[in-house]
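One line per chain: the protein sequences are A and B, in this order.
Using the working numbering, you'd call the opening residue of the first sequence number 36 and step up by one each time.
Using the working numbering, you'd call the opening residue of the second sequence number 4 and step up by one each time.
If you are wondering where the hints come from, they were derived from the structure by calculation, not from laboratory data.
Owing to the predicted nature of the structure, the values given are computational and were not obtained by experimental measurement.
Don't take every hint at face value.
Facing chain A, according to a computed beta carbon distance under 8 Å, are these residues of chain B, among others [as the list claims (entries may be wrong)]:
1. K4
2. F48
3. R102
For each residue, glycine too, the CB sits at the ideal point set by N, CA and C.
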Amino acid sequence: AQSVAQPEDQVNVAEGNPLTVKCTYSVSGNPYLFWYVQYPNRGLQFLLKYITGDNLVKGSYGFEAEFNKSQTSFHLKKPSALVSDSALYFCAVRDLSIQTSYDKVIFGPGTSLSVIP
Amino acid sequence: KAGVTQTPRYLIKTRGQQVTLSCSPISGHRSVSWYQQTPGQGLQFLFEYFSETQRNKGNFPGRFSGRQFSNSRSEMNVSTLELGDSALYLCASSAGTGRSEKLFFGSGTQLSVL
Numbered sequence: 036a037q038s039v040a041q042p043e044d045q046v047n048v049a050e051g052n053p054l055t056v057k058c059t060y061s062v063s064g065n066p067y068l069f070w071y072v073q074y075p076n077r078g079l080q081f082l083l084k085y086i087t088g089d090n091l092v093k094g095s096y097g098f099e100a101e102f103n104k105s106q107t108s109f110h111l112k113k114p115s116a117l118v119s120d121s122a123l124y125f126c127a128v129r130d131l132s133i134q135t136s137y138d139k140v141i142f143g144p145g146t147s148l149s150v151i152p
Numbered sequence: 004k005a006g007v008t009q010t011p012r013y014l015i016k017t018r019g020q021q022v023t024l025s026c027s028p029i030s031g032h033r034s035v036s037w038y039q040q041t042p043g044q045g046l047q048f049l050f051e052y053f054s055e056t057q058r059n060k061g062n063f064p065g066r067f068s069g070r071q072f073s074n075s076r077s078e079m080n081v082s083t084l085e086l087g088d089s090a091l092y093l094c095a096s097s098a099g100t101g102r103s104e105k106l107f108f109g110s111g112t113q114l115s116v117l
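Using the sequences plus the hints, can you model the full thing?
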C-alpha cells in the first residue's frame, strides 16, 4: 500500500540558514509527489510537484525539492530560511487505488518548521 | 476566480448529534476530496467525488458519508457524533482529470464535539 513518511515532527532552523524537511514514500508505480504548506488556521497551499524529468524541482517562495528514486525520498529544501516560512509542511503522493482504479492523494503526517530570528 | 469555500468555519456539537459540512469548489472543478485533520493523525483521506460519483473512499466508519451535486458542490455528513470526531475537516478541489494535478484547499471547518 502507498504511504508517505516524514521522520521529523519538528524542524528548527535559524533565519538565513538552509533548511531541509524530509520525506520518504512508498508507492506501487511511478510516484507523483507533492509538497504543501499550511499556515495557522488556513487550508493547505501547493508548493511544488515532481512528475517526471529533472530530479530537482523548483516551486513557490524559493522552495525546491530533490527527488531520489533509489532512496525513495523527496526532501524539501530552501537555501535561506525566512521567519515567514514557519508553518506546517506536508509531503503527499498520488497513487492508484487497487480497489477503485482511481487515484487518491495520501499525505504524510506533517513537519512543523520553526524559523528562529 | 473564487477559491474553495467551506461553510461553516466553526461548529460546536454534542455527542450523538449529526452534522453537515459544505464545500463549494473552484468554478470548473469537478473533483472534490475531503480530509480529516487532527494533531495526532495528520491528514486522513475520507472520500473523493467526481461528477456526482464517489471515486474513492478512505478507512472511516459508515457514519461518515458525502455527496456531490450537479454543480460540483459537495456536502459531508457525520451522524452520531463521537468525541473523537473533533477535527478540522478540509475540502480540496481539482479538475479531476490528471494525475499531475494539484489540489486547491479550502480553509476548513473546525468541528468540536462536546
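Honestly, which of those hints from before does the structure not fit? Hint 1 alone not satisfied by this model.
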